[in-house]
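In the order they appear, the protein sequences are chains A and B. Just so it is clear: in the first sequence, position 102 is 102 by the working numbering, and no numbers are missing. Just so it is clear: in the second sequence, position 73 is 73 by the working numbering, and no numbers are missing.
Honestly, the hints are just simulated from the structure, not real lab data. Mixed in with the good hints, there may be bad ones.
[As the list claims (entries may be wrong)] Stretch-level coverage of chain A by chain B, calculated; a stretch enters the list once three of its residues show a Cβ under 8 Å from a Cβ in chain B:
# : region
1 : 83 to 92
2 : 112 to 121
3 : 171 to 177
Ideal Cβ positions, reconstructed from N, Cα and C, are used throughout, including at glycine.
There are 2 protein chains.
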Amino acid sequence: MHTLTVELGDRSYPIFIGSDLLSQANLYIPHIHGQQVCVVTNATIAPLYLEQLKNNLSTFKFTSVVLPDGEAHKNLHTLNEIFTGLLSAKHNRTTTLIALGGGVVGDMTGFAAACYQRGVNFIQIPTTLLSMVDSSVGGKTGVNHPMGKNMIGAFYQPQAVVADISLLKSLPAREVSAGLAEIIKYGLISDYEFFVWLEHNIELLMMGDEAALSYAVLRSCQNKADVVAQDEQEGGIRAILNFGHTFGHAIETAQGYGNWLHGEAVGAGMVMAADLSMRNGDISQADFNRIVSLIKKAKLPISAPQNMTPEQFVALMGVDKKVLDGRLRLVLLKSLGGAIVTSDINLDFLMQTFAACR
Amino acid sequence: MHTLTVELGDRSYPIFIGSDLLSQANLYIPHIHGQQVCVVTNATIAPLYLEQLKNNLSTFKFTSVVLPDGEAHKNLHTLNEIFTGLLSAKHNRTTTLIALGGGVVGDMTGFAAACYQRGVNFIQIPTTLLSMVDSSVGGKTGVNHPMGKNMIGAFYQPQAVVADISLLKSLPAREVSAGLAEIIKYGLISDYEFFVWLEHNIELLMMGDEAALSYAVLRSCQNKADVVAQDEQEGGIRAILNFGHTFGHAIETAQGYGNWLHGEAVGAGMVMAADLSMRNGDISQADFNRIVSLIKKAKLPISAPQNMTPEQFVALMGVDKKVLDGRLRLVLLKSLGGAIVTSDINLDFLMQTFAACR
Chain A
1 MHTLTVELGD
11 RSYPIFIGSD
21 LLSQANLYIP
31 HIHGQQVCVV
41 TNATIAPLYL
51 EQLKNNLSTF
61 KFTSVVLPDG
71 EAHKNLHTLN
81 EIFTGLLSAK
91 HNRTTTLIAL
101 GGGVVGDMTG
111 FAAACYQRGV
121 NFIQIPTTLL
131 SMVDSSVGGK
141 TGVNHPMGKN
151 MIGAFYQPQA
161 VVADISLLKS
171 LPAREVSAGL
181 AEIIKYGLIS
191 DYEFFVWLEH
201 NIELLMMGDE
211 AALSYAVLRS
221 CQNKADVVAQ
231 DEQEGGIRAI
241 LNFGHTFGHA
251 IETAQGYGNW
261 LHGEAVGAGM
271 VMAADLSMRN
281 GDISQADFNR
291 IVSLIKKAKL
301 PISAPQNMTP
311 EQFVALMGVD
321 KKVLDGRLRL
331 VLLKSLGGAI
341 VTSDINLDFL
351 MQTFAACR
Chain B
1 MHTLTVELGD
11 RSYPIFIGSD
21 LLSQANLYIP
31 HIHGQQVCVV
41 TNATIAPLYL
51 EQLKNNLSTF
61 KFTSVVLPDG
71 EAHKNLHTLN
81 EIFTGLLSAK
91 HNRTTTLIAL
101 GGGVVGDMTG
111 FAAACYQRGV
121 NFIQIPTTLL
131 SMVDSSVGGK
141 TGVNHPMGKN
151 MIGAFYQPQA
161 VVADISLLKS
171 LPAREVSAGL
181 AEIIKYGLIS
191 DYEFFVWLEH
201 NIELLMMGDE
211 AALSYAVLRS
221 CQNKADVVAQ
231 DEQEGGIRAI
241 LNFGHTFGHA
251 IETAQGYGNW
261 LHGEAVGAGM
271 VMAADLSMRN
281 GDISQADFNR
291 IVSLIKKAKL
301 PISAPQNMTP
311 EQFVALMGVD
321 KKVLDGRLRL
331 VLLKSLGGAI
341 VTSDINLDFL
351 MQTFAACR
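Just need the whole structure built from these sequences, with the hints factored in.
Put into structure tokens, the structure is as follows:
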């Protein structure tokens, strides 16, 4: 098992990464400070792991709240179900919430913990590869508003994160790939050595090798923790974590949310950002080919949908207006393993990227 | 004009207290850091002061959200109206929310600011005496849940508070009295000198004398700020601010919320807490009489409703069970001007207080 500490002063917390961790209650029980526990999970995960977790916490007053599965339910209305569950079972300010699920459950449980009686403790047990490497670090919690994703939330840190790689056995292959998109991102933006490791180990990862997955999760979380420690509330450097995301969001929006997985859109978005970086002369054709090859091996899309026109990208990303104002900021590669945030965008090159990557 | 700084490290902020401050835009404009402003107010206050505030902020992109008036609307549903207003007008992370109203508007606007895009700035312009002395200091924000008051919220500090005493001209006399309950509380729990000042100035305060009201607001905020600075998130000493509130809540619950104003219930609750303190031998009969006299001059109730039985208090405060477990904690006076939080409750004396104070 690996233990990584996210260093945030008095809000520091450990991430435990390894196999069969859910069964090791001694890992997470020390991070439950009161006598009450409320596990928040969803209808897909509950039948798989809730009973086991409940049995491991038999010495606590135990409540569970089972939410409907899916991003469509990540809203204030579903959030209120968590509060109702807590109040019905008379949970007080000493309670601990445990998020057992993917990113949606983690974001909502974290936000519920931030708000319930103005703040109670919470622990994350992510059940998807994406949530292990993404929401485990950074403290972003929240829900969607009909007019915008993640518009309502808080920066709020957990007491501990338990990333049990064995839980990924139940994860559909398509979601493993989606998680790998974020993992590859860390190699691209800040860790060339890790990128090379991924090139050598992508087949093992795709086969579900737990040792390889553990290492990939550890290294990703380390990379993210280093960035977040420098910029907890996203004033500057943290923006490099959005590599591939601006292009990816345009794809998600064009296709309707939910048709492409977020990680899939990020996969194609990273290829587009790399393509533009190549046109800028910052990475070579050979580098670009390596990036495309790795993303392809992770069974992720390497281009936007054929039916998306450059004009659509221009409209969805607000390119025209934003480039003129200098307000279009993109994360681009200065090298394989190094990213910058820049508003110095060559519009011709960008249009070429839109045309080339579909 | 008085300026009081609430000392909370990098979350410190000024409270401006005086007459005709709303018209002095130079006071609050320096605390608006972006180009966008959203004023949140209610249907009672909007016709009185919204236009003036809007005119004073003509250099900003200005949006207003007018909520229905009253505690009944302090919920997630109404909160969402603020988010919808912000998103409709494309407010970004640099926006500043301004709460123009009483406690409900202040609590909801502060919580909306805490959550909108994971945290934006806000300024408070309280329009009631209660909110000037209560929600101006302490950073408690939030909304109610059908199963409990203030169960959903955050500790979140404003950039500045503008307590314009002249706004109190439009406040009904009954609400002035309710505000005085909290003001008297500060004298009782931590400031004997202020208690004496209140004895001498209660008539002026009741007449709406702005200089006297300014001083009373200043001194109350100072007292509260001293307590909050020691214990921002209510782990210990801050609980003394609940003097009179445990009894008061029982009265509010028994009468149905909204029939008694919160300040009225606190008035009677403070008499009950003082009565128990006298039975404990910590304050004299003469002290007790002075307390009752001052509360009475503020036109506040000095006893629980006649129809409330000791048994009802026992049930509503959970006395039986909580006293046995040592979990009933009350704020009592050790002297006139000094309070403690104690779970060392003499049950006989408590029952005598229930019987005597109605």
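Hints, verified against the model:
Check on the region 83 to 92 of chain A: 4 of its residues sit with their Cβ under 8 Å from a Cβ of chain B, so the three-residue criterion for coverage holds. Counting residues of the region 112 to 121 of chain A whose C-beta lies closer than 8 Å to any C-beta of chain B gives 6; at least three are required, and the coverage claim holds. For the region 171 to 177 of chain A, the proposed coverage by chain B is not satisfied: 0 residues have a C-beta within less than 8 Å of a C-beta in that chain, short of the threshold of three.
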